[in-house]
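Novice: Okay, here's what each chain looks like letter by letter:
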Amino acid sequence: MPDALELDPHFPRSVDPAVAVAAPVAPSSDRAARCELRRQIARLERELGELFASTFPRRGINWTVGAAGGPRVLEVGELERIRDGLANRLAEARAEVARRADAEEAGRALVERMIADPDEYRWVRVSNEDVGEPGCKHWHSRPRFGILGMLFGWWRVKLSSGCPLAPGLGGCRGPHQSLRSRSSSGFEVQQATAQAAARRRTAAAARGRRR
Amino acid sequence: MSDPVDDRPTEAGFLDPSLRDEFPGLGLRYVSVDRGSGRSSRALKERLRVLSDRFTGAQAITLRRRPIPSAYRVFFRHIGLDPDEQPTPVEEIALERMKKGGFVSQNLLDDALTIATIESGVALRAFDADRVSVPLGLRLSHRGEGLEGRRGELPPGTIVIADRGRPIGLLFGAIAAGRGVSPKTRRMLLSSIQVKGVPDIAVEEALWLLVEALETG
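Going line by line, the protein sequences match chains A and B. Under this note's numbering, think of the first position of the first sequence as 5, with each following residue one higher. Under this note's numbering, think of the first position of the second sequence as 65, with each following residue one higher.
So that you can see chain B by itself, here it is in the shape it has in the complex:
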C-alpha cells in the first residue's frame, strides 16, 4: 500500500522570527491534495461510527491529561485564548461527540478532519488550494490588515495564518471568506499547527491520517 503523505511530502510553513523567539516549538506544516470535499463513502462513515464507539465519555473527561491536547490548552492560554470558552480543536470535536452521542458524518473533509484530529490530537485546517498562494505560514498581522469577510481591521499583532499575500485565517479562529474549502473546491491545502509539546511525529501522523482518510473515503 502506498503511503499517501510520502507521495506528497509535507512542506514546512514560514514562521515570523518574532513568533519563533516568543513561542519555541510553534510551526505550521501543509500538504496539498488534488481533490475537493464531497460526500463521505460508506466505509468512511463506518470508520467514524467505530471511532464513536471507541471514544467514550471517560476519554473526553481525561482528554486534558493527555500530553498533546494539554499542550494546545497551554498554548491557548499563552496567546490569550481561554480553552474553556473557545475549546481546542480536539476538545471541540470531543464535546460534539458527547452532545450528539456520536461523531455525526457531515462530508468527506469534515469526517476526515474528525478522524485525524481525534486519533492524533493535532490541530488541522484545510484551505482551497486554488484560492491561496503558497507558501503558507504564521505571522503577526500588520497595521491596516484585515481578514476577508470580517468587518474592520485586525488588531495589529494578531497571530494569523497567511499565504504569500494576505492573512487567510486567524490562528485557531475564523478562515477568511473564500479561502476555505467549498463544494467548488478542486484542490485542497491541508495544514497542521504544531505547538510546544507536540512532537514532529504526531504532526506527520495527523497529516498522514487526514490524507489517507480523504484518499480512501
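Only chain A is shown next, with the shape it has when bound in the complex:
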C-alpha cells in the first residue's frame, strides 16, 4: 500500500515504505511521527470519500472505521490504528466495488441477451440494482397474453415503469417493501443465467435427438 500512503521522503524513518502499514513508524520525535501519520490519514480519508461518492447508489458497503475516542490529541499508536483501519477499509471497499462491478456487468449482459431472446430466459427478472443503477426499474421476461403466450411461446421482456408511489409515513409495509423483497439479487441473476444455459443445453440435446 505504499502508493496510498505516499510517505513523505523528508520524514525521518527507518522502515521500508512497503511495510509501513504493518510496521510502526520509527520517528525521530513523536510530534514528527504524529504529523506524518496525520498526513497519511488525510490522504486515505480523501480517497475513501472519493470512493464513497463514486460508488453511489450501491448500498451495503461498510465505510466505518471506528473512533479512537476524542476530541483529543491522539498518541502515535492510536493514529497508526486509525491509519491502518482506513487503509484496510479502503482496500476492502475497493475489492467489494470491483466484485460488484463484475456482477453488474454480468447483469447488463444478461439484460441484452434477454431482450435478444426472451424465450431463452423465461421468467428471469433483472432489477436496476443488479446492473448498478438507481431506481426500482426491472426487466422481466414474461409471456404476452398470459397463459396463451405461454402455450404459443410468445415471450417478451417487459420493462417496469419505475418506483411505486411513496406509501406515506404510516405505510411502512407498503408495496415498495414487497417489491424490494421480490427484487432479484445478484445471486438470483447468476441462478437465472445458469437455468437459461441448462434450458439451452436441453433444447440442443432434444434437437439432436430429433435429427
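Partner residues are not named here, just some residues of chain A that face chain B (Cβ under 8 Å, in silico):
no. : residue
1   : Arg38
2   : Arg42
3   : Ile45
4   : Ala46
5   : Arg50
6   : Ala57
7   : Ala71
8   : Ala72
9   : Gly74
10  : Glu82
No lab work stands behind these hints, which were simulated from the structure alone. For each residue, glycine too, the CB sits at the ideal point set by N, CA and C.
Using the hints provided, position chain B relative to the given structure of chain A.
Specialist: Only chain B this time, still in chain A's reference frame:
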C-alpha cells in the same frame, strides 16, 4: 446595505500553544450580536425552503468530495472522532435534510445556523454572551476539570472550547449546561471553528452569513 460583520468585527480566539503545534490551521473566531433567538420570520423560512430545493441528494452524496467538508472529516479523524458515527456539522445538517425531505424551520438561530453552515461548509456554534466571559478559545482540559451538566470529570487533554474561566463546550460536541442559547438569551456569541484546509475567507463568510440571517430574520 451595511455589512453586518463589518459592523461587528470578528475576534480571533486564543489557542493553546500545544494545539497550535499539533494542528496547524486550527482556530476559532467569534462575533457577538445583540439579540437572542426567537421565531423565524416568513422571509427566513422561505429562504430555508429555497435552500432545501437547491440542496439535492446528489449534493449530499458528493459532499465529502468538497474541500471544506472533507477538511472537517479529516480533522475529525485526527482528533479521534469517526465522522461516520458522529457526522461533521455540515454532514449532520445534510443528513437531516435527506431524512426530513427539507430543511425544517425550528427557530431563528437554528435556521440561521443551517443556512450559514450549508452555504459555507464551516462549523459554527452559538453561546449565550451573558453566560460566558470573553475571550473564547480552544485549549486542552486540565486534570479535575468537568463540563457543566455532564457527570464526572473530562479526561485530561480533551480539546474544549473555553472562555476565560472554564470549558464551555467540547470541540464538535456538547455545550456546557447554561452556556448555550436559550429563549432567555439576550446577546449571543457566534463562533466558527477553523481547521486545516478551510480558508480564512470561508470562515469570515460563514460568520457574515450567520449574522446576516439573524439580522434579516
